[in-house]
Amino acid sequence: MVPRRGAAPKGGKAVELEAVMERFALYTGLEGTALAAQEPLCREAMARLEEQRNRRELTDRGRELLAAAAAAMACRRHLLLCLTAGGSLTVGDARVTRGGPVDTAAALETEALAAAALWLRPGGVFRRMEE
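So the sequence shown is numbered by this note's numbering: it starts at 1 and just counts up by one.
Don't read these hints as lab results, they were simulated from the structure.
Hints should not be assumed to be uniformly reliable.
Stated by the list, open to error - DEER-style ranges, computed between Cβ atoms:
#1 G32 x E64: 19 to 29 Å
#2 P122 x L35: 28 to 38 Å
#3 E31 x R56: 32 to 42 Å
#4 G32 x L118: 33 to 43 Å
#5 R61 x L17: 27 to 37 Å
#6 R48 x A107: 28 to 38 Å
#7 R61 x R121: 15 to 25 Å
#8 E39 x E64: 31 to 41 Å
#9 T33 x L118: 30 to 40 Å
#10 C82 x T59: 29 to 39 Å
#11 L80 x T33: 30 to 40 Å
#12 T59 x P122: 11 to 21 Å
We treat Cβ as the ideally placed atom computed from N, Cα and C, and that holds for glycine.
Please model the entire structure based on the sequences and the hints provided.
Structural data, given as structure tokens:
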């Protein structure tokens with residue numbers, strides 16, 4: 001779970017992997033081994049955000065927003081990898097192809113990064129998303 005008190009210790013992670021994985025599962029609907037297989041995407045997204053973090057004291061809300069942003073980044077990459085590998089996804093009765101879902105995942109990522117921008121350095125990940 002996300003730590004609930006004070007800022008992350010020096011040298012420590014601002015966001016816990018478990019919090020990112022929980023949010024990623026919410027975004028993607030994945031469970032069990034399918035979810036566990038996406039851990040590298042979540043770790044990579046966490047690392048990218050850690051590199052872009054500023055020195056502002058991290059609040060509980062900041063941790064939540066950074067976890068959501070990392071999960072949204074991982075979700076977008078997961079969707080793009082699925083579409084690249086097979087060209088479509090099947091979710092329930094719906095068949096998903098390029099276009100709408102990719103745009104939706106991009107919007108989710110942009111919104112999550114904007115929400116976490118207070119704890120990110122200017123001109124980093126968020127600026128690249130706007131371009």
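Legend entry - Non-conforming hints, listed in increasing numerical order: 5, 6, 8 and 11
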